[in-house]
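Two chains, each in its own frame: build the complex with the hints.
In order, the protein sequence lines correspond to chains A and B. Sequential numbering from 1 applies to the first sequence in the working numbering. Sequential numbering from 1 applies to the second sequence in the working numbering.
Any given hint might turn out to be false.
Unchecked claim - Think about it this way: if two alpha-carbon atoms lie no more than 20 Å apart in a straight line, the pair counts; the simulated SDA-like pairs of lysine to any residue are:
#	chain 1	residue 1	chain 2	residue 2
1	A	K127	B	Q18
2	A	K234	A	T197
3	A	K127	B	G28
4	B	K118	A	T197
5	A	K148	A	E108
6	A	K201	A	P239
7	B	K118	A	K201
8	A	K127	B	D114
These are calculated hints, taken from the structure and not from any lab test. If you're wondering where the values come from, they're calculated on a predicted model, not measured in any experiment.
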Amino acid sequence: MPRQEPKERRCILKFEEVSVIFEEGHAILDRVSFEIWSGETRILLGAAGSGKTVMMKIALGLLRPTHGKVYVFGEDVTGFDERKWFDVRSYIGVLFQEGGLFDSLTVEENVAYPLLNQARFMAGGKKPTAESVRPDVQEALNFVELGKTMSKFPSELSGGMRRRVGIARGSVTDPELFLYDSPTAGLDPITANTIITLLIKDRELRNTTTVIITHRFQDGHLLANFRYNPEKEKLEKLPSASPFLERTKFMVMQNGRLVFEGTEAELAISRDPYISKFSMHPATKVS
Amino acid sequence: MLAGRATANIVRRPFYGQDLILQMDAIGVGSLPITVLIGFFSGVIMALQMSRALSQYGATGQVGQITAITLVREMGPVLTALLIAGRNASGIASELGSMKVSEQIDAMRALGTDPVKKLVTPRLLAMCVTLPLLTIIADFVGLIGGYMVAVPLLRLTTGAQYWNNAWRSLEYNDIAQGLLKPFLFAVIIALVGCLYGMRTSGGTQGVGKATTQAVVVASVWIFIVTAVITRIFVNL
Ligand SMILES: Nc1ncnc2c1ncn2[C@@H]1O[C@H](COP(=O)(O)OP(=O)(O)O)[C@@H](O)[C@H]1O
Ligand SMILES: [Mg+2]
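Excised from the complex, chain B in its bound form (with noise of 0.2 Å):
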């Protein structure tokens, strides 16, 4: 019910751009930074772990492949997701739930203003913007990493090679995929966020237990929708 009203605002007037600006920068360029280190360590992961187990069939050279699918199909998306469910979603119902502790849910419809407009609204689509974006940069730092470890370090291939393989690995399903989920966690952590936020009753403690409630519930739905997207997928 709060996805369909949240989203039914984005049409809806007022319509309020500085919130949705605001949030974007809280979730898009405050996480830019731990999503970068988190991508390119998982590519630097991903090259290693692969290359004894490639080394083993003499095909060192596909390193750049198998790190291109795990990363895009899988990793990218699901630790990105992961990263910002405990940033974020956190964020979100701890802001939310302090919020409505303190009456100024309430305030807000006493005064005249929705708050699932005000509130909500904003989030869901800052969330559903930037998570897709931090998770494709978190896809491409984390094939730097895959070549760092793939070509100067262990010299598995070249490094024409290894983007070559990359690039030419990925299908459009693959990438369908990499962008559908992330578009769908976005969801899941933004609503997810709100509603514990908004349902937080009994003070300060009660706003520790919405925060903590929020991130394991979104992680749990992240990994129960990643499972039933690649189940899709693979019969594809």
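Same shape as in the complex, but just chain A (with noise of 0.2 Å):
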């Protein structure tokens, strides 16, 4: 079942002047603040060691900022423990950039172990088991296209699939927040092309609002452009009017700082030499 559309927009993930000094006088994020809305997408540029994975773990509360306020879901969680953090993170699906697959279990139990560990599905008093928890871990698989590989070990799977692994785990919990640090990295271009046709899927069933760090231009490119058809099961371009092109949204992260906030089009024309590494550029390709 697709999510209803929300009734009203509301903001799912804010940073107030967040900075992360690790040590003293090198700032890794230095007072960044942005917002993102329900139903949005955000797709996170920068070079490597910008920034970019410790920005996430900071909205996960796997690290905690030096100064500044995050709030997710509208919450203030700036100085939340990690009790009231694990049930915050119920509701944020993650695939981590090195994978997080637990090696020593199957890609069954890797898939279940949100549903078997995580506060929010033990509510009820009812503790659910590898059983019954089954269906869903077989449906999440069977969407990114895994569903017969239930009893295998992430060792035995290619790297693309161990993505989608990933992105099953993510999703079975069916989140509101979808974090994705660097999910085409490492992968060649038709698989990533397939990862991403996953992400937009994902998207478009579930109105996930979602997050993407990516260095491929290809796969802001894609995710701005293109919505999944149901009907015709496939992607299919927005036309240029289409009011979701307005949804995704491009950040560049620079040295810790954020260099650059707006749509696909603001960033093609920019003229700054650091920020438009990550644009494609018609205007000076084509010349």
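Right under this line is the structure:
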């Protein structure tokens, strides 16, 4: 069942002057502020080491900001302890850059893990079991077209398949916010496009607010200009006046600072040499 | 701080019993053959070394006593702990280290589990149970090693006298010392292994570094602690 369009747009993720300083004098994140609203897709670009992963881990409460405030689902989570974070995180799906799949567990156990461990699913005193969650696990794996690999171990899968298991594990809880850290890094272009197609499909069917860290401008271009058509079961290009175009925005990080926030068109006309590295730059590429 | 959180978790739900069994198997059963081997030979060596010294004083009958006291007080606990530090502090650090660099530890926290509870507590508990047991086995096998040298090989004494002598020489003090030490060493090995593992950064290279550091730091602490405990017990 596709989730109903929410009646009112709400602020899903908000950073307010967030700084992260691990060692004195060197800010990993430097006064970063932005807002992401429900249903939006945000593409986070930036050179390696510019602070993208740190930003994602702040949004998950895995790292604490040194200064500033973080709001998740409209709630100020800045001072939350680990127990309160467990609750917040259970509404966030995540795909880690290094995969983060448990290599001692099978694919099925990996995907079942959040359903069996997150407090939100223990409510009502009924503890879920491997059997009770199996249909959900199967569905999540079918979605990423890995329904037949339930009993395999992550080490037996290819890089692209591991990413897909990660996507299944993130989406099995039907999260409101999905954070993808470099979902296409290290993949060949064809596999990378299948992964992006999955993200577009997931965003369409569940209306998930999506944040994607990537360094491939093709990923951003696809996400910004295509939608999934459930009737035809394939991607289709959005018409140039579509309101959906506005829902995908780009952000560029440079040395811990947020140096750009805007649409693909705005990104394309940027004259900044660093920022323009991440755009298709039709103007300069044609000439 | 890690120690506090890991200990507090022992009584807190959920309790990961399966992980505990798994760890006890990995540490205890896995280390048994090497512990027996090293225990046996330390007994053999002790008896051989002592046989010359004792024969100078015409006190070869005391070989059981000397072997028992050195084994139970010092050699058994320290050698076993060093062995387990080399085998398991490194094992724990490299396992947790690779989990850290592949973001599995982050994934645990993101998916609703406390990594200290899930990873550190079972290892700490398993180590605290198995290391004292392994030490007792090493002590005992060491006494058998000493017996082999003293009785059939060098004919220093009779079998009955050896065992009688060994048994009677051990006081409560020695036993207490011989059990307190492996317990403390277990805490050191498990916590150092976990701490260095979970603090790993810098990819696969970082895992190698964490592993080496864990063994070195655990070994050094074992010697420091044994010196302190021995000092305390000598004064009792
Ligand atoms: N836990 C940490 N402690 C200290 N420095 C860190 C930590 N995590 C990340 N960094 C540093 O923060 C910077 C940004 O890292 P990251 O967010 O991973 O970059 P990327 O944009 O490639 O994802 C890097 O220089 C990295 O070395
Ligand atoms: Mg990164």
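So, going through the hints one by one against the coordinates:
no.	hint	in the structure
1	A:K127 <-> B:Q18	17 Å, holds
2	A:K234 <-> A:T197	9 Å, holds
3	A:K127 <-> B:G28	32 Å, violated
4	B:K118 <-> A:T197	35 Å, violated
5	A:K148 <-> A:E108	10 Å, holds
6	A:K201 <-> A:P239	18 Å, holds
7	B:K118 <-> A:K201	34 Å, violated
8	A:K127 <-> B:D114	18 Å, holds
The structure does not agree with the numbered hints 3, 4 and 7 stated previously, though it agrees with the rest.
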